[in-house]
Amino acid sequence: MSEKHASHPEAEGIIASTVTQAALTQDRSIDLSVDLAGVVLKNPVVVASGTFGFGREYGQFFDLSELGGICCKGLTLHPREGNPPPRIAETPMGMLNSVGLQNPGVDAFIAEELPFLRQHDVKIIANISGNTPEEYGVMCEKLSEAGVDMIEVNISCPNVKAGGLAYGTRPDLAAEVTREAKKHARVPVMVKLSPNVTDITEIAKAAADAGADALSLINTLRGMRIDVNTRRPILKMNTGGLSGPAVLPVAVRMVWEVANAVKLPILGMGGVSKGEDAAQLMLAGASAVAVGTALFADPRAPLKVRDGLAEIAAKQGLGAVRELTGGVRPW
Amino acid sequence: MPIQQICTVVSMERLDASTWWMVLEAGKMVERYGLRGGQFLHIKCGDGQLLRRPISVSITGQDEPEDLVTLIFEVRGEGTEWLSQRKIGDKLDVIGPLGNGFDVSKEGRYLLVGGGIGVPPLMEYGECLQWPHTAVLGFRTKDKAFPAIVSRFKEHCEETYLCTDDGTLGRHGFVDSQVREILVKENNFIAILACGPRPMLKSVAKVAAEFGVPCQVSMEERMACGVGACLGCAIQMKDGTMKHVCKDGPVFNAGEVDWDV
Chain A
1 MSEKHASHPE AEGIIASTVT QAALTQDRSI DLSVDLAGVV LKNPVVVASG TFGFGREYGQ
61 FFDLSELGGI CCKGLTLHPR EGNPPPRIAE TPMGMLNSVG LQNPGVDAFI AEELPFLRQH
121 DVKIIANISG NTPEEYGVMC EKLSEAGVDM IEVNISCPNV KAGGLAYGTR PDLAAEVTRE
181 AKKHARVPVM VKLSPNVTDI TEIAKAAADA GADALSLINT LRGMRIDVNT RRPILKMNTG
241 GLSGPAVLPV AVRMVWEVAN AVKLPILGMG GVSKGEDAAQ LMLAGASAVA VGTALFADPR
301 APLKVRDGLA EIAAKQGLGA VRELTGGVRP W
Chain B
1001 MPIQQICTVV SMERLDASTW WMVLEAGKMV ERYGLRGGQF LHIKCGDGQL LRRPISVSIT
1061 GQDEPEDLVT LIFEVRGEGT EWLSQRKIGD KLDVIGPLGN GFDVSKEGRY LLVGGGIGVP
1121 PLMEYGECLQ WPHTAVLGFR TKDKAFPAIV SRFKEHCEET YLCTDDGTLG RHGFVDSQVR
1181 EILVKENNFI AILACGPRPM LKSVAKVAAE FGVPCQVSME ERMACGVGAC LGCAIQMKDG
1241 TMKHVCKDGP VFNAGEVDWD V
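Chains A and B are the protein sequences, given in the same order. Counting from 1, position 280 in the first sequence corresponds to residue 280 in my numbering; the numbering is continuous, with no gaps. Every position in the second sequence, counted from 1, becomes a number in my numbering once 1000 is added.
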């Protein structure tokens, strides 16, 4: 092998972090940019909170500037060690997790992680969880000051006792947290909804009425897996949150319901691993999409989703990917 | 730094009903990216499995045109079942090098302690270090002590002790009692390097602490991303913090691990 070839990653079977073939051949006139509550993303693909840390790990596989946005690992006011292991269980076309919001705390994020993220041309969305509405307010204050582009208010973590899911299943509490966040945030506030409710539109409306700028959905679905030999649940917390391709149809349905119920822009997520999945969420009403669990199978999944979306838009003769949003033709 | 690499299967040997010896051509992952035994590769096991499978690296070698990597694995579920069905020439989607491997220096003698499928990741440590080491290898039964693996320890280590749970080969009992016996006689090891099931690691860690010998243990936990992003593969530390097998491990100082959870 010549020196020239040796220095060329693809000549050695390395899956390089360059633009994929689909992107190279796509019609360059297609506008990939989308607007999420005034935050302009250069393309509709965001990575989902909790699957991407603070960008350092997957930043080894591709340039973070290729993403539309990064939803950072969920933050709390104080550091948290999270739940005892095992925290992961694979399921048919999905996985359960019960990480339990392990994170270094909002101050450490601002001091140690945000400067790194800011070196990239990508929108930074901080994700926060509080034990009280006041904690959400304090974090919004700090993060606005530190200069994130958007704040995703997590009222739907199924893996923590305090706050978390409780805020996401009661409209009055969801509204209270949203109001508190809005009072202290100087950047757009996006409220992340739980699918673990009878009617997600009730919570969506409560958040909208309380002043949310955008909604993101869905968080994970509560699930359980049992080892039939030991008769023990795989997860030490017994139950956890289901994600992966298995939840995509639930996400599409819920995005569609919420899009019909409120006027806010939606960041759609749940089981997206290719362009077609993302297009479904956008047609259902999402302005942008987040990719999460698919990263674990393929670190470059978000870029493939982006390129796949562009390809679909090109085939359909669209000038901009955002034209897909809300375009479903229900029977 | 890890890379995503397409690797080719160049050898596939069945050691018994559930254990396989697989050799991959892995680009320049050894020469350029520093892959070594005790680290792991995160392998996509077909389209039917959502998550990759972390497989420990046993032996690495720089080679032309591509470096060679030996993986010795046991079929434990659908992912490793799929992996065991690969044929020579098949391509695998691999992420690596991942994890830290054992922390060793060229100076001093090590006591290598392996149990079951935890024995192969120690092979390279028996071979590459210059001092005469001692190995204690534990197996469920005689048939699980594969000559292809055991012979390499016998060849390179000063002494190799074998133990079986059922007494069909070597000492009847677990490795920790053998380790204790060795340390009573001579306690001049720079460290114990241990790989095996958690109960074995716990008992070896206990003996090591009793004799004041530093002990490194290679741990397992259910894993998702493999690169440190998802925080799934947590191990509880004595100080109450969590560390992660994929990024901080798989090798930890035994004294830091909380063995009582």
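Keep in mind the hints are simulated off the structure, nothing from the lab. Note that this is a predicted model, so its numbers are computed, not measured. Careful: at least some of the hints might be erroneous.
Here chain B is said to cover these stretches of chain A; the calculated rule only asks that three of the stretch's residues, wherever they fall, bring their Cβ under 8 Å from a Cβ of chain B [unchecked claim]:
1) 86-92
2) 278-289
3) 316-324
Below, a list of computed lysine-lysine pairs in the DSS-like style, where the Cα atoms sit at most 30 Å apart [claimed, not checked]:
4) A:LYS274 to B:LYS1247
5) B:LYS1185 to A:LYS274
6) B:LYS1154 to A:LYS236
7) B:LYS1044 to B:LYS1106
8) A:LYS142 to B:LYS1087
9) A:LYS274 to B:LYS1142
10) A:LYS304 to B:LYS1106
11) B:LYS1142 to B:LYS1185
12) B:LYS1238 to B:LYS1154
13) B:LYS1154 to B:LYS1202
14) B:LYS1106 to B:LYS1206
15) A:LYS274 to B:LYS1206
16) A:LYS263 to A:LYS274
17) B:LYS1202 to A:LYS236
18) A:LYS304 to B:LYS1087
19) B:LYS1142 to B:LYS1154
20) A:LYS236 to B:LYS1044
21) B:LYS1238 to B:LYS1202
22) A:LYS236 to A:LYS183
23) B:LYS1044 to A:LYS304
24) A:LYS304 to B:LYS1202
25) B:LYS1091 to B:LYS1106
26) B:LYS1091 to B:LYS1142
27) B:LYS1044 to B:LYS1206
28) B:LYS1247 to A:LYS236
29) A:LYS236 to A:LYS304
30) B:LYS1087 to B:LYS1106
31) A:LYS42 to A:LYS236
32) B:LYS1106 to A:LYS236
33) A:LYS42 to A:LYS183
34) A:LYS183 to A:LYS304
35) A:LYS304 to B:LYS1142
36) A:LYS142 to A:LYS263
37) A:LYS205 to A:LYS183
38) B:LYS1091 to A:LYS236
Quick reminder that beta carbons are idealized off the backbone N, C-alpha and C, glycines included.
For the segment 316-324 of chain A, do three or more residues have a beta carbon lying closer than 8 Å to a beta carbon of chain B? That given contact is violated, which follows from only 0 residues of the segment 316-324 of chain A lying within Cβ reach (below 8 Å) of chain B.
Take the C-alpha atoms of A:LYS205 and A:LYS183, compute the straight-line distance between them, and say whether it is at most 30 Å. Distance ~18 Å between A:LYS205 and A:LYS183 Cα, so the pair holds.
30 Å Cα cutoff - pair A:LYS142, B:LYS1087: 55 Å, violated
Are the Cα atoms of B:LYS1202 and A:LYS236 separated by 30 Å or less? Holds, at roughly 19 Å.
Check the hint pairing B:LYS1238 with B:LYS1154 against an upper bound of 30 Å on the C-alpha distance. Status violated; Cα separation ~36 Å.
What's the verdict on B:LYS1044 and B:LYS1206, does the C-alpha distance respect the 30 Å limit or exceed it? 36 Å, violated
Take a quick look at whether A:LYS274 and B:LYS1206 sit within 30 Å of each other, Cα to Cα. Given pair A:LYS274, B:LYS1206 is violated - Cα atoms ~49 Å apart, limit 30 Å.
Tell me if the straight-line CA distance from B:LYS1087 to B:LYS1106 falls inside 30 Å. With Cα atoms ~37 Å apart, B:LYS1087 and B:LYS1106 exceed 30 Å; violated.
With the threshold set at 30 Å, check whether the alpha-carbon distance from A:LYS42 to A:LYS236 stays at or below it. It is violated: about 40 Å lies between the C-alpha atoms, which goes past 30 Å.
Please verify whether B:LYS1091 and B:LYS1142 have alpha carbons no more than 30 Å apart. 34 Å, violated
Checking one constraint from the list: CA of B:LYS1185 to CA of A:LYS274, max 30 Å. Satisfied? Answer violated: B:LYS1185 to A:LYS274 is near 61 Å, above 30 Å.
Satisfaction of hint between B:LYS1106 and A:LYS304, Cα-Cα up to 30 Å: 45 Å, violated
Violated hints for the displayed structure, listed by number in ascending order: 2, 3, 5, 6, 7, 8, 9, 10, 12, 15, 22, 24, 25, 26, 27, 29, 30, 31, 32, 34, 35, 38.
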